[in-house]
Structures are given as C-alpha cells and as structure tokens.
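Protein chains: 2
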Amino acid sequence: MASLCAQKCIPSIYGRFGHVRSAVRAASSLVAGEPKGPTVKTQIPGPRSKELLQELNQIQQAGSIQLFADYDRSIGNYLADVDGNVMLDVYTQISSMPLGYNHPHLLQMLTENPHNIKTIVNRPALGVFPGADWNSKLKNVLLGIAPAGLDQITTMACGSCSNENAYKAIFMAYRQKQRKGDFTPEEISSCMINQAPGSPDLSILSFHGAFHGRTMGVLSTTHSKAIHKLDVPAFDWPIAPFPIYRYPLEDNKAENAAEDKRCLAAVEQLFEDYAKKGRPVAGIVVEPIQAEGGDNEGSPEFFQGLQKVARKNGASLLIDEVQTGGGPTGKMWCHEHFNLDGPPDVVTFSKKMLIGGFYHTAELKPPQAYRIFNTWMGDPGKLVLLEGVLEVIKRDNLLEQVKRSGDRLLLGLKQLQNEYPALISRARGRGTFLAVTCSSTKLRDDLVGRLKTKGIQSGGCGEDSIRLRPALVFQEHHAEIFLDRLRQVLSETK
Amino acid sequence: MASLCAQKCIPSIYGRFGHVRSAVRAASSLVAGEPKGPTVKTQIPGPRSKELLQELNQIQQAGSIQLFADYDRSIGNYLADVDGNVMLDVYTQISSMPLGYNHPHLLQMLTENPHNIKTIVNRPALGVFPGADWNSKLKNVLLGIAPAGLDQITTMACGSCSNENAYKAIFMAYRQKQRKGDFTPEEISSCMINQAPGSPDLSILSFHGAFHGRTMGVLSTTHSKAIHKLDVPAFDWPIAPFPIYRYPLEDNKAENAAEDKRCLAAVEQLFEDYAKKGRPVAGIVVEPIQAEGGDNEGSPEFFQGLQKVARKNGASLLIDEVQTGGGPTGKMWCHEHFNLDGPPDVVTFSKKMLIGGFYHTAELKPPQAYRIFNTWMGDPGKLVLLEGVLEVIKRDNLLEQVKRSGDRLLLGLKQLQNEYPALISRARGRGTFLAVTCSSTKLRDDLVGRLKTKGIQSGGCGEDSIRLRPALVFQEHHAEIFLDRLRQVLSETK
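Residue numbers (my numbering), protein chains in the order written: chain A, -11 to 482; chain B, -11 to 482.
Please keep in mind that the hints were generated in silico from the structure rather than gathered at the bench. Among the clues, some could well be false.
Pairs count within a copy or across copies, as identical chains cannot be separated in the list.
Below, computed lysine to any residue pairings styled on SDA-like, alpha-carbon distance capped at 20 Å [unchecked claim]:
hint	residue 1	residue 2
1	Lys265	Ala184
2	Lys430	Asp329
3	Lys300	Met320
4	Lys29	Lys127
5	Lys24	Gln140
6	Lys125	Arg61
7	Lys29	Glu260
8	Lys402	Thr481
9	Lys265	Asp224
Source: prediction; values computed, not measured.
Extracted from the complex, chain A is given alone in its bound form (with noise of 0.2 Å):
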C-alpha cells in the first residue's frame, strides 16, 4: 500500500468517507484507489439494474439508461454499477467528468472547506445578488483559462443555455449595429407580441451534422439526430454543409482542401439567400469537432475561412466548446488548434467545465442589463468545483497526460484499424477526444455492447462511430486495457 503515501491527503479522506479500496492498483495511478483493471460479475445491465430500470421505467421515459451507478464505489477512471462490476470509463458521463468520480482534491474541497458548503446551500441570484468572492472567481477561475482575447464572461446553468444566451447577445448586437440610439416605440411594442421590428427575423447559421443543444432556440441549429427534433417547431435557418473528409488526412491533402473550398462556398452563399429572403445571418455557430454528429473534424483552414466569412458579412462567429473545452484536445480550448486571425466572438461552454456560460468580445456585451439574464445565472457552487479541477490539471500536468494518452490510443486505434480494415477506419481527433468509425450501425452498437462485457464502458456517436471520451486522468497504462479489449472485441467479431 506504499503507493497510497503518495498523496498526503488520502488516508483522511478515505478515514471518512470509506471507500472500498483494493487491494491491488496500477502503481501509477494519478487518482489513488484505483482498481489494476475491470471487474465484469454479470451481463450488463445486470440483475440490479435491470429492476431499478423496470421501476424508474414507471414514472418517466427511461429508455436511454444504460445502468444504474454506484457512485459511493466508482473511483478515477473506473466507474462501479449496482450490480458489482467496475468498468473503464472511456465515455465518463457523456464527456463530462473532468477528474472522473470521486477525485480526492473536490471531496477535499468540499469536506474541509466551510465556506465552500456555504456557497453551495446559498445558492444565489447572480446577476443580483453575487457573494463576496464572485469577481475573484470569475477572475481566477474562469479568465485565467479564458481563450486569447476574450476578456468577458456570462456565466450559465448548462450548455443548451449558454447557446441560447449566447445567440442572443448575437442578435443583440447585431441589431445595435444597425441602430441610431434608443429602441424605438415601434420595437418596444412589436416586441412584446413576438413581432417585427422588435422580434426582428434574423437567424444563425449551422452545419449539417452540428449538435448545439435540446431547447428550441439552438435546437433549430441541431442536425445530428432526427430522434432529437422530430415533432418540435423549429425556425428556417440556413443549415450549410460541413467538410467530410477522406482520411488518413495527411495522404487526401488536395482532396480534402478542395472539400474546405465546397463548404466555404455553401456558407457565403447561404448569407446571400437568407439576405434576400429577409432573415439576415446575424451569426455562425460551428463545433470545433462535430461531437453527436460523429466526431467529424474540420481543418484549420475551415475555421480560418469560416472567420473571414463572418467578419465579410458582419456576423458573429461562435465556437461552441461545450464538448472540446476544459482541456480533452490537449489545449484548455480545442479552437486553438486552429491558428484563427484573433478570437473567435463567443467561445460557449459546459460539461467538463461543471459550470456553463460563455467567452465574448466588449461588442458583445449588451449595452443595457436585464437582457441576458434569468434568476441563477450558474452556479457558484460549480464553480467551487471547477476550480478544484484547474488545480489539479496544473498539479498533475493533465494537458501534457492528455496528449501522451491521446498519442498513445490514437496509435493503437491506427493499429487496429491496419489490422481489422473491414471493421474499422478513420481513427481521428486530437488528444484523447478520439473516435474510429465502424462498418456499419450494427456492428459499432454491438463493439460498444460486447466492450461493456470487458469492462470497458464507452459510447457512440453519429451513425457508426464509437467515440472516446475518458477523463483528464486517463493514462497510458488505461489506453493499453482499453486497445486490449478492444482488439480482443474486434477479433472476435464474425
């Protein structure tokens, strides 16, 4: 157990809170507790789960649940379900666990801090009533990883929300560009029956394949599913097509480039149609990787020529972060990958962020208050979290674990794919926001299937994708079980 002196906090908070510790770990571990592997007892969902799902099953739609947790038991990389297995978790809560479950330093935070239970009982109304230490959170927390040049922060309850703020401080600003002082009478009355010139028809431009969340606003900018949109109202907003490319990258530069110029073109043109239409393009909304779509890249020289395309036009460009942010491309933010002439106008966030919100520009700022607004405006007591986090990915070095992890899965994944050509392809992505895409459907659901019987919990995205989408804390010595269990996976399929 000498690996357990390693950190000094550990045996206090293990003293208290009990955890189940085994008895033997991966001596490396960068979260102490560690399991050396998975443990696989029964099918999964197991017996356990399977009733819990049957009862939850009665009060709400729950289709979607996998498996019931044992949070109290899961620890770093390794998630514990109720039936007794312990399974790598490479999917880590849809991509939102930055440190995985149960880290040391944010159960330290919280149980040897006073102050910090207090900020979560008082839960505040920000935008009126901010604690004492708002402005130096905001300060230290959230700006000192800001994205080059971006200088303001709003901060939010969750990414669907930073979206739809973020679009209309887009609007806003928009407008106030064409505007010679005061909202006129005809604005403010209009307005308030959901007519022009006050609910003016402007729009935001998305891509094929774009996923920027589930509420009604930026669900008109989503196209990755139609399960998410069927039946659901939605504004005619242009929608442009987004580069598919040939891969492996480096052997289809010409063709791939050639792909660039095609959507480019697609977007201009698209603000010309909805110009004359009547329903400007006040801003372009774009992932940095495509996520629910499928992991689908797009080059720097896309973003580039996406940048200049907004600025020609007068439209904001946002960067929506809320799956890439917080460090799982190897940069705190993936956009910066991108070499762009100057920030982007609006950087959103959430997930591995814990709290939501967004970066933008002074223009953005809206000149007067109550419009981007509503009673929490975030939460203090993720930020409390957040900062324990950015703690430890400075402690640990986590964007350097990030890019070795990241080189490392994505070698074996190459591997894979030169071994079973038939099965797999396309590995991609940067740092450890990694995906390969399957033959079919069917095969990648039943690889994420037969991976759960190995212990290895992962997921999917688009139509045939399995997407990685582990912790800041996964290692090299994680990325060699998951490569294992997944080559044993692969050779075993008939």
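Following the hints, complete the assembly by docking chain B onto the known chain A.
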C-alpha cells in the same frame, strides 16, 4: 442563549462553521441565530459593493446587480452584505431560497453525510447512468409532493429548461395522437432541415403579461417586459388577454366574472384563428399568478374554464409553477387552490424547489427514448438539498406558518392601503406570495429603494407593483418588522 438549545444540532454546526452569532435575537425564530432586526450601516449599495460592482462591470454586463452579499454571515430571513448591512429579505433571491440562508438542517445534510458530498462531486448524466438511489430520491422527494393525479416526473436544471422541455413533450404528444404507427420517412428527413412535417407548425398559447423564461422557445411565450424580448427572433404564436380584476375582489364579483369570460372567449377565438392559420395550438401555458408581469391573479373559475377549453381542443394545459410552487401560497402548488376537474397535464417547477423539472400525465411521456433528454437532466446534488427542505417544511409545519404569516401580511397591507390610498392599492395574493400596486412606477422604485435604507430587501414586479417573496421560515414577527418599515417609508413619502 437558551434558545440555541431548542434545536439539538445547532451547537456542533456553529462550532464547525463559526457563524457570527447575534447576541440578541428574536426568541421564537424558526432559524436559530437570526438577529432581532435589520442593521443598516451604510447606503445600499455601500462603498464596498460599489467597488466590486465597478470591477465586475469590466468583465460582464453587471447593471442588474443591487449589492454584493456576504453569504457566510447571512442567516435565515436576514441577508448580510459586504458593507456590514443586514437586511430582512422579503425577496429571497427572486423567490428561490425556501428556508432562507444557511439553514442548519441544510448545512448538516452536507457536513454529516459523506454520501451527499459524493452525490455533488459525481454529477452523472442522469438519463444514462443514474445513481443507485435515484429512483428512491425521485419517489420520496419529488413524487412525495407531486400534484394529485400527476405520477410522471422529468427533472431538469432550471425553470427555462423545464418549460422548454415541457413544451416539447406537449408537441410530441399532440403529433403522436395524429400519427398512425411510426414516424414517416418525410418526417425524419424534413425535421433535419427544420421543415414540416417533421418540424411541424404548431404553437403554444400564452398570455399577455406572462413570464415563462428566456431561452428562445419559452421567450416566445413571455410577454412581461420589452427588455426581455427586444432583438430576439420569436415564433408567431397566439397571445391571449389575462384577466385584469377590480379590487377588492369581494366587492367586484360580477365584473370580475365578466372579465374571466372575456379572456376565455379570446382564448377560444385564438384556437380557431391559429387553426385556420395552419399553426394549431398544441398547448396552453399559464402561471397560477403572473409573477414577473405584476402579480396578476386569475380566479379558480378562470383556470377551470381554461382547462375546459384545452380539453375541448385536444390541447395540453401546462401550469407553470416555477415561482408559485414549493409552498409560498400556503399549499405546495398554487393551482391546488383552483378546484380543477382533475390535474393539469403538466406542472413545471424550479426556484424554491432548487431543482427544475416537470410533473406530467402518462400521455405526455414520449414513447421513444432520447426525445426529452440532455447531458445532465437535472442535478442529484440539488435533490439532496430539496430533501432537507421538505423535511424542515414537515417538521416545522411551514405551510401553516406561511398561512399565518401571509394572513398577517395581507391584513397589514390592507390597513396600509386604507391609510395611504393615494400611494398603494390592490393588496393581493395567497399565502406570503403577495403584492401591492403603487400609484406609479417612479413611486414603486422609490419605495423599494427607501425600504432598503430601513433594512428591508424587497423587489418589484410588473410596471408598478412591489412583490413579497419571503422564505417559508418568514414568521409573524418578521411581518411586523416589514409592515412597520413600509409604514415608515409611506409616511415619509412627499
């Protein structure tokens, strides 16, 4: 200090959290440690709040901020600020603090139960991997207080999200009734480009003066203030008049009944108009008391009539209890005052419930998974706190307390409007969810401002009303302090 012995848990909590205790406090306070009254040391906002406000304005639009609070020193009904002022809070973070500040029972939930801390640190994707105790929490906490007849529960993070997703469930149920069998290929392909029939042209009927949130779907049903809506595109959905009554209600029965009829007839007409327009009404959304819009009440007969109109037209009735729910009207749900013929189809909540979500009928449960879904689907950490809140509501009979305090407040407001008929009128509401109308917007703003200088934190609503939104632990002696200070500012009005 004998009073501290009344609650056995207090000494240890104080020992660990180091509250600054007031040596003198009201003997009968439900929250130990409350001061006996407000203390005002500076103008409000004071110099430190002003400094912090200036700083915050550099990084965000902070124009809505009233003061910076010291939440570590706030207690029960008393809000402390960074300048040493301590105010009796009858606004409680826009009505979102059910037990006021630092309630010992809530602090205890987090300091004495490691499982609860782990629940906060391991926030799951509830729609995929709920924790072992999630079912029992839903059943014991949320369904334990469900409106009669509603046995389905969907959790969300905030009020806007709850309404957005409830609208989506309404649209889905409406289309489901029209559908024979599966989605058609046309529906599946058209929804991906935001077009009918997959993205159908359906609407939600709302009321003038309503507030249902600020994301783009629900914002199309919000009509309380222009500043909430300006420059944001909106759906062209029907908007009906909400009753405007003559007060006192008991002296104007016939006239108010006629007002109900007029509004209900307008609702019926809008159903016809929008059906003809090709944009049928799938649901009606309504607040039991229009809060942001000015604390406008509807009679039980009005709501009974709405339910009939909805049923007759095959539309759902959504009662938005985001502000009214959780006890402030003296019942857990305000619509329980209305003697409806069976439950409404959906009831949404947030604020005092700490977690967002909606109760609904089985008919509004989508037959397919992933349709009402997002990453987090609420937050079990908030349900931990709500469980504590409900325990205290039961233990301390807080709904009875609300009735007693509300009776005292309403009586006092009526006395004051008789004394100052040129200044305030229309004292109204249920429980402690009360308001008075001022003779002008200017007077209202002035009274709210001067109440602060007397140590009362209140809030406005609508054009010219002051609203009371105290915590459920607001008692008769707090009411006396509030009424006394209100009498002072009225008497000093020139």
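Results for each hint:
no.	hint	result
1	Lys265 to Ala184	both (15 Å within a copy, 18 Å between copies)
2	Lys430 to Asp329	neither (42 Å within a copy, 48 Å between copies)
3	Lys300 to Met320	neither (28 Å within a copy, 55 Å between copies)
4	Lys29 to Lys127	neither (47 Å within a copy, 29 Å between copies)
5	Lys24 to Gln140	neither (44 Å within a copy, 41 Å between copies)
6	Lys125 to Arg61	between (31 Å within a copy, 19 Å between copies)
7	Lys29 to Glu260	neither (59 Å within a copy, 60 Å between copies)
8	Lys402 to Thr481	within (18 Å within a copy, 78 Å between copies)
9	Lys265 to Asp224	both (11 Å within a copy, 17 Å between copies)
Of the numbered hints given earlier, the model fails hints 2, 3, 4, 5, 7; all others are met.
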